[in-house]
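Chemist: Could you build all of it, start to finish, from the sequences and the hints given here?
2 protein chains.
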Amino acid sequence: MKVSLNTKILSKNEQFAEQNRRFLAEHKLDCLNLISSPGSGKTTILTRTITDLKDKLRIGVIEGDIKTDYDSQRIRAAGASAIQIETEGACHLSAQQVYWALNQLPVGDMDIVFVENVGNLVCPSAFDLGERGRVVVLSIPEGDDKPAKYPGTFAQCDVVLINKIDLLAHLSFNIDRVSADIHTLNPKACIFQVSATTGKGMGDWYDWLLGRKKKTD
Amino acid sequence: MKVSLNTKILSKNEQFAEQNRRFLAEHKLDCLNLISSPGSGKTTILTRTITDLKDKLRIGVIEGDIKTDYDSQRIRAAGASAIQIETEGACHLSAQQVYWALNQLPVGDMDIVFVENVGNLVCPSAFDLGERGRVVVLSIPEGDDKPAKYPGTFAQCDVVLINKIDLLAHLSFNIDRVSADIHTLNPKACIFQVSATTGKGMGDWYDWLLGRKKKTD
Chain L
1 MKVSLNTKIL
11 SKNEQFAEQN
21 RRFLAEHKLD
31 CLNLISSPGS
41 GKTTILTRTI
51 TDLKDKLRIG
61 VIEGDIKTDY
71 DSQRIRAAGA
81 SAIQIETEGA
91 CHLSAQQVYW
101 ALNQLPVGDM
111 DIVFVENVGN
121 LVCPSAFDLG
131 ERGRVVVLSI
141 PEGDDKPAKY
151 PGTFAQCDVV
161 LINKIDLLAH
171 LSFNIDRVSA
181 DIHTLNPKAC
191 IFQVSATTGK
201 GMGDWYDWLL
211 GRKKKTD
Chain D
1 MKVSLNTKIL
11 SKNEQFAEQN
21 RRFLAEHKLD
31 CLNLISSPGS
41 GKTTILTRTI
51 TDLKDKLRIG
61 VIEGDIKTDY
71 DSQRIRAAGA
81 SAIQIETEGA
91 CHLSAQQVYW
101 ALNQLPVGDM
111 DIVFVENVGN
121 LVCPSAFDLG
131 ERGRVVVLSI
141 PEGDDKPAKY
151 PGTFAQCDVV
161 LINKIDLLAH
171 LSFNIDRVSA
181 DIHTLNPKAC
191 IFQVSATTGK
201 GMGDWYDWLL
211 GRKKKTD
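Heads up: the protein sequence lines correspond to chains L and D, in order. Note that this note's numbering numbers the first sequence so that position 191 is 191, with each residue one more than the last. Note that this note's numbering numbers the second sequence so that position 87 is 87, with each residue one more than the last.
The hints are simulated quantities; they were obtained by calculation from the structure and are not laboratory data. Among these hints, one or two may not hold up.
If several chains are the same, the list does not tell them apart, and a pair holds so long as it fits within one copy or across any two.
Said to hold, decoys possible - Straight-line distance between alpha carbons at most 35 Å, and here's what the computed DSBU-like set of lysine-lysine pairs gives:
hint, residue 1, residue 2
1, LYS188, LYS28
2, LYS200, LYS12
3, LYS28, LYS12
4, LYS213, LYS54
5, LYS12, LYS214
6, LYS54, LYS214
7, LYS215, LYS54
8, LYS28, LYS213
9, LYS200, LYS67
10, LYS67, LYS12
11, LYS214, LYS28
12, LYS188, LYS54
Modeler: Printed below as a string of structure tokens:
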């Protein structure tokens with residue numbers, strides 16, 4: 001007897017990523033996966049976005065950290081629902097963890113769920129969470145050689161937020177070089193220069209986010 | 001027949017870590033593994049250390065990056081030998097890669113080899129390279145919550161260099177909190193506050209390094 005195997009065999013992560021895609025479609029939810037080095041400002045970008053868009057976009061957050069619930073506390077203080085995942089050593093979130101967290105969130109009241117991945121510019125980009133888009137954050141103090149040195153992460157995203165531009169006066173950082181290196185890897189990536197601390201440049205990021213909402217409405 | 005298995009079965013990485021330990025002992029070489037987030041200043045710390053200690057400590061460097069040889073170019077420009085390893089996507093250096101690189105370096109002319117690991121505050125700490133000590137770099141812009149959020153890396157090191165203290169005037173960072181969190185995880189860790197850009201505080205780091213040389217002479 002010959003058995004034909006036409007079904008693609010999916011890994012456990014891919015199976016849960018598929019479940020997450022179905023969940024997001026059923027609930028008409030947008031979902032962005034935020035990836036960056038530790039300390040580039042992902043949580044501050046989220047808290048400011050939650051505050052500034054509170055009348056325009058209903059936001060929920062899934063927080064990934066190796067340890068502590070510091071970030072989900074900050075998200076809740078800004079007025080949004082947050083579910084904390086502590087990975088206990090793992091260097092990235094898995095689709096299964098995100099599936100569990102999606103089912104804890106009050107998604108009926110949300111337009112978008114942000115997944116703040118573990119701070120790591122390498123591993124998270126290799127794991128599909130079933131998200132609808134990816135945002136990479138690169139902060140000025142990290143240096144302008146990072147897209148060339150970590151190409152995989154910058155090649156697979158929709159947006160790069162260049163954060164902490166308020167520190168440009170104190171540091172050497174060539175934004176033209178970074179933009180050129182990102183576009184060599186990823187011609188379609190949108191690049192926004194922002195300071196989540198001062199608010200400078202955040203409007204362009206908000207316009208991009210709200211534009212996605214119109215498309216899914 | 002009963003076969004007694006008293007020999008510990010080592011992983012491939014552990015086997016090469018053992019080979020590296022033997023290599024370092026035979027050549028009377030010190031070896032420090034530098035671990036940090038991307039952009040915390042590892043290479044700048046090394047180039048300044050090479051320049052400032054050129055008459056006191058003979059330094060070689062093994063550079064780990066996912067892509068590019070930018071960092072080994074900077075090390076050579078500072079006057080030291082460097083071997084670049086491009087991991088092509090891997091998130092940490094392996095002991096086997098370090099074994100290969102040790103055998104490329106002119107170690108007869110060296111007191112110490114620094115291994116600058118891939119920029120990643122999570123994965124490198126889980127891989128023994130056979131090094132004689134570990135140095136973790138944390139820079140001010142990354143934020144003072146990082147030891148608590150990435151405990152594994154800070155628990156397993158000999159030194160923490162708090163770098164970019166020249167930016168303290170522009171950022172909120174509680175050094176007392178960081179020191180307390182590090183010492184909770186790792187009571188014996190030495191903590192030095194430095195700016196590799198301005199040179200401030202580097203003397204204490206140099207004293208620590210030269211003290212190790214005296215012990216191995």
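Chemist: Against each hint, give a clear statement of whether it holds in the structure.
Modeler: Consistency of the hints with the structure:
1. LYS188 <-> LYS28: within (25 Å within a copy, 52 Å between copies)
2. LYS200 <-> LYS12: Answer is neither; intra-copy 41 Å and inter-copy 50 Å both fail.
3. LYS28 <-> LYS12: Intra 24 Å, inter 48 Å, cutoff 35 Å: intra-copy only.
4. LYS213 <-> LYS54: Close inside one copy (14 Å), not across copies (58 Å); limit 35 Å.
5. LYS12 <-> LYS214: within (33 Å within a copy, 53 Å between copies)
6. LYS54 <-> LYS214: Result: close within a single copy only, 16 Å intra versus 61 Å inter.
7. LYS215 <-> LYS54: within (19 Å within a copy, 60 Å between copies)
8. LYS28 <-> LYS213: within (10 Å within a copy, 63 Å between copies)
9. LYS200 <-> LYS67: both (31 Å within a copy, 32 Å between copies)
10. LYS67 <-> LYS12: both (24 Å within a copy, 29 Å between copies)
11. LYS214 <-> LYS28: within (12 Å within a copy, 66 Å between copies)
12. LYS188 <-> LYS54: Intra 29 Å, inter 46 Å, cutoff 35 Å: intra-copy only.
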